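Please work from the sequences and hints to get the whole structure.
Counting in UniProt numbering, the sequence shown runs from 1 upward without gaps.
Please keep in mind that the hints were generated in silico from the structure rather than gathered at the bench. Note that the structure is a prediction, hence the values are computed from the model and not measured. Idealized CB from N, CA, C, for every residue including glycine. You may find that some hints are simply not true.
The calculated label-pair distances, taken between Cβ atoms and stated as ranges, are [stated by the list, open to error]:
id: 1; residue 1: ARG193; residue 2: ASP154; range: 17 to 27 Å
id: 2; residue 1: ARG43; residue 2: GLY71; range: 18 to 28 Å
id: 3; residue 1: ARG230; residue 2: PRO274; range: 31 to 41 Å
id: 4; residue 1: LEU16; residue 2: GLY200; range: 33 to 43 Å
id: 5; residue 1: GLY200; residue 2: ASP154; range: 45 to 55 Å
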Amino acid sequence: MTPDDRIERVARRFWLDRATMETIANEEGVSRSTISRALDTARATGVVSITVNPVHGRAAAMATELGRRHGIAARVVPVPEDASGPARLQAVAAETAVLLDEVVDSGTTLGLAWGTTTSAVGQHLRARPLRDAHVVQLNGAMNTHSSGVGYGSDVLGRFGTAWDARVHHFPVPAFFDRPETRQAMWRERSVRRVLDLQQGAGVALFGIGAMTGAVPSRVHTEGYLTPGDRADLVAAGAVGDVCTVFLRADGSWEGIALNARTSGLLPPLLRRIPRRVCAVAGDDKVAGLVAALAAGLVTDLVLDSRAAQELLTSRPPTRPGALWRPPSGHPSPTGASVRGT
Numbered sequence: 001m002t003p004d005d006r007i008e009r010v011a012r013r014f015w016l017d018r019a020t021m022e023t024i025a026n027e028e029g030v031s032r033s034t035i036s037r038a039l040d041t042a043r044a045t046g047v048v049s050i051t052v053n054p055v056h057g058r059a060a061a062m063a064t065e066l067g068r069r070h071g072i073a074a075r076v077v078p079v080p081e082d083a084s085g086p087a088r089l090q091a092v093a094a095e096t097a098v099l100l101d102e103v104v105d106s107g108t109t110l111g112l113a114w115g116t117t118t119s120a121v122g123q124h125l126r127a128r129p130l131r132d133a134h135v136v137q138l139n140g141a142m143n144t145h146s147s148g149v150g151y152g153s154d155v156l157g158r159f160g161t162a163w164d165a166r167v168h169h170f171p172v173p174a175f176f177d178r179p180e181t182r183q184a185m186w187r188e189r190s191v192r193r194v195l196d197l198q199q200g201a202g203v204a205l206f207g208i209g210a211m212t213g214a215v216p217s218r219v220h221t222e223g224y225l226t227p228g229d230r231a232d233l234v235a236a237g238a239v240g241d242v243c244t245v246f247l248r249a250d251g252s253w254e255g256i257a258l259n260a261r262t263s264g265l266l267p268p269l270l271r272r273i274p275r276r277v278c279a280v281a282g283d284d285k286v287a288g289l290v291a292a293l294a295a296g297l298v299t300d301l302v303l304d305s306r307a308a309q310e311l312l313t314s315r316p317p318t319r320p321g322a323l324w325r326p327p328s329g330h331p332s333p334t335g336a337s338v339r340g341t
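Structure follows, in structure tokens:
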């Protein structure tokens with residue numbers, strides 16, 4: 001064995017196998033100082049190279065990989081490992097507001113799905129008066145406990161105020177009691193006007209509704225769902241919702257009973273909107289995000305770095321024709337490579 005072979009072997013044991021210098025010294029029958037000098041030589045001669053990827057560099061790499069896999073434009077927001085749920089939400093909301101600043105202009109109609117995430121986005125918008133801009137609500141907010149008008153007005157109002165845009169409310173329940181009631185309402189002229197505005201939107205903004213999490217989704221915590229509804233959703237395999245339309249892990253939504261009563265924009269209609277911005281903060285949203293991606297609902301994604309890492313390691317859906325692309329690995333926070341000599 002040549003000296004170079006021994007240096008490579010020592011380098012592999014130390015950096016790749018994570019053996020201690022003392023362990024390696026015992027294996028090689030030499031002193032610890034000899035192993036230390038061998039490791040110094042390995043680095044000096046290029047046998048081993050160590051790189052530490054900056055946080056922003058890792059985020060950019062993850063965004064690139066997500067874009068490649070899903071055919072979307074992704075922005076990954078770096079957050080500390082110990083960041084709280086609310087802190088992650090505000091970081092994602094701020095970056096989403098920057099994105100909207102780029103894609104919303106005079107003459108744009110924004111379709112907005114109310115929720116915890118989109119409400120946070122509204123707090124970060126830059127005041128920028130536009131001409132002939134509109135903000136239209138994509139799903140109703142009423143339930144048996146509240147009219148939902150106050151909350152919906154607050155969320156949409158932030159966008160309208162920032163852009164001097166005309167706001168169009170959707171004064172219907174989040175979920176109707178019966179599918180036939182929804183069908184009848186959809187024939188009303190006042191409702192049809194809002195539905196037409198929704199379909200004329202050039203940009204849509206929505207989050208992912210999760211069943212649980214550090215920052216719970218309003219639809220799951222504010223009296224919109226009965227215990228029976230929740231049981232039905234679990235039985236149907238629902239993992240989350242977009243615009244109060246529930247999705248299975250493979251992106252399918254048909255056959256989920258509650259979707260026949262929702263006021264939210266159904267996936268085939270949502271997909272007609274050219275730019276569909278999805279903002280996600282928190283690991284608990286990833287299962288629903290996987291479903292939304294499989295359903296082809298997202299063109300632009302903003303998410304925090306921890307959620308991005310979780311998404312990159314998530315299992316792909318199995319439904320034939322799902323839009324997931326096979327993974328090819330994901331970037332590591334730090335890396336050491338050892339070349340052969």
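Okay, the hints, checked on the actual structure:
1. ARG193 - ASP154: 17 to 27 Å: Because 22 Å falls inside the window, the suggested range holds.
2. ARG43 - GLY71: 18 to 28 Å: violated, 41 Å
3. ARG230 - PRO274: 31 to 41 Å: holds, 34 Å
4. LEU16 - GLY200: 33 to 43 Å: About 57 Å separates the Cβ atoms of LEU16 and GLY200, which means 33 to 43 Å is violated.
5. GLY200 - ASP154: 45 to 55 Å: violated, 24 Å
The structure fails to meet hints 2, 4, 5 from the earlier list, while all remaining hints are met.
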